Amino acid sequence: MPHRCPTTESAPARWLLIGLALLLLSLFLLLPLLAVFVEAFRRGAEVFFAALHTDAALSAVRLTLLAAAISVPLNTVFGLAAAWAVTKHRFRGRALLISLIDLPFAVSPVIAGLVWVLLFGAKGWCGPWLAAHDLKIIFDVPGIILATVFVTFPFVARELIPLMEAQGNDQELAAVTLGASGWQMFRRVTLPNIKWGLLYGVLLCNARAMGEFGAVSVVSGHIRGKTNTLPLHVEVLYNEYQFSAAFACATLLALLALVTLGLKSAVEQISHQGATRRT
Amino acid sequence: MSISIQSIHKAFGNYTALDDISLEVPDGSLTALLGPSGSGKTTLLRIVAGLECADPGSGRILFHGKDVSEVAAGKRGVGFVFQHYALFKHMTIAQNIAFGLDVMPFAQRPKRAEIRQRVAELLHLVRLEGLDKRRPHELSGGQRQRVALARALAIRPKVLLLDEPFGALDAQVRKELRRWLRQFHDEINLTTLFVTHDQEEALELADQVVVMRNARIEQTGTPQQIYDEPRTSFVYEFLGEVNKLPDGRYIRPHEIELRFAAEEGVDVTGRVSHLFVAGPFARVSVVPEHGRRGELEIWASRDQVEEMALANGDVIGLHFPTLKKLT
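Which chain is which? The protein sequence lines are A and B, in order.
First residue of the first sequence: 1, per the working numbering; consecutive thereafter.
First residue of the second sequence: 1, per the working numbering; consecutive thereafter.
Derived from the structure by calculation, the hints contain no laboratory data.
Be a bit skeptical, because a hint or two may be false.
[As the list claims (entries may be wrong)] Heads up, simulated DSS-like pairs for lysine-lysine below, C-alpha to C-alpha not over 30 Å straight-line:
hint, chain 1, residue 1, chain 2, residue 2
1, B, K133, A, K136
2, A, K88, B, K158
3, B, K244, A, K88
4, A, K195, B, K158
5, B, K75, A, K264
6, B, K89, A, K195
7, A, K88, B, K75
Since the structure is predicted, the reported quantities are computational estimates derived from the model, not experimental observations.
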């Protein structure tokens, strides 16, 4: 009988577990991904590219990029500031602040969208004032950006808080005793220590900003060519039985997901190498 | 530059970390803050450095007679070495040491060549030549410790503050570095205040030892004074091993003399419960007879133990030449 290390499972058990995991993985993750691409090209590449080349699709892509371009930098700055405040200082209400940062994760995106409608909609709290000043937020681009910012709020902060908590603030204090100003300390000491975590958070934040459906759907109003983001556009096409076009647009989102995953694992690998070198 | 600490008080919420602490650190001295964890010694060091604020309205910190209580840490001119060194791990050793010079305002910042020169001098001073391009993770604990020291010295501080400087090192390196630090201090003659919980370290290294306990100073003095004339029972017990007799008197293990039970001048007789011989020394544990509780520990020479042919269970006499009674 071959020698077996007591910490490894027997061969049948191993194959059973691995097989089960692979089955579930392909059933729930790979198959849908594959289906998106197969459906998109079902009626040929011509239809595929034509679907992407309509005004409505291009406008949806533009709006999606705009929403991401505003919400990602905003939440990056906010996440940094929040993580800094929460991890480097002890103050009253700190626990409350940490919970508040998580709020967008806790509430359903639909509720998040409804809150904005309640606040800024025509019949909402600020509605009359907005109407009087000729400002439109709900069923318009500002509403979509607001909803996106809200939903993607926690990503960067959530990524940084445990990281900065674990690092403590000894290095920052050392920089202070050596005469560094607040900005010098941040740029030369804090930022290099958290850069990979930050990048990771930004990636996830971006993926969500471009892919968000629920909250954006509530505030958008689905005005084609104006307030449709890419995910909303896919839904509209699908509801109009234009399956190939819907899937063609969906491939863009799928590609975004794949690129994000690729970058994410690259970031993990690089930062992990850095970490093991350091210990 | 002398440090003068004047009635400093510090509380964290309901917890009092420092209770009316006053202390003089003479110019050029090496002073140890010694105490168990939670005694407030690190808090005091951080207040001197400006990393922590004393309670408003409590007292003052003077450097060479000048009040620095409201001066920011970076402008106090202190070199601070953290317990775990806090080296910038993404920078090389040379970059670490140069940091304090690099962040100076443009008008005061030395030229590049000067900074390079200074880093080379400091590397030489802490005996780490040739390691300038390494990164902290490539160095041993003792080397990192010296990098932290060099980095703190780069800004030509007026006082040097060390938080548990040898706390994270293993016993062998700790002993070597301790001797080295003493020599180093004698060479550069910088007023130095360091925190430790290791009494041996404080006694061997310092000119002045400050024993702290529960947010207060128990006793201040030279290592000799602290060891030979402890003022309180806490200091007695904290500095080295000591036997506490049931009537409240203290005696150190090496002060008890072993005699035969029937000999003259025997204060107590007792039974040997444990005998341990290592090298030229012997440790003898004796349980006193006549209802006294507790064991007494005696340090004797191996020669004497062998001469008396001591064995476990023997009844022997003990003589206490000096006895101190303390509160």
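Each hint, compared with the structure:
1. B:K133 x A:K136: 59 Å, violated
2. A:K88 x B:K158: 28 Å, holds
3. B:K244 x A:K88: 46 Å, violated
4. A:K195 x B:K158: Status violated; Cα separation ~35 Å.
5. B:K75 x A:K264: 42 Å, violated
6. B:K89 x A:K195: 13 Å, holds
7. A:K88 x B:K75: 21 Å, holds
When held up to the earlier numbered hints, the structure conflicts with 1, 3, 4, 5 and fits the remainder.
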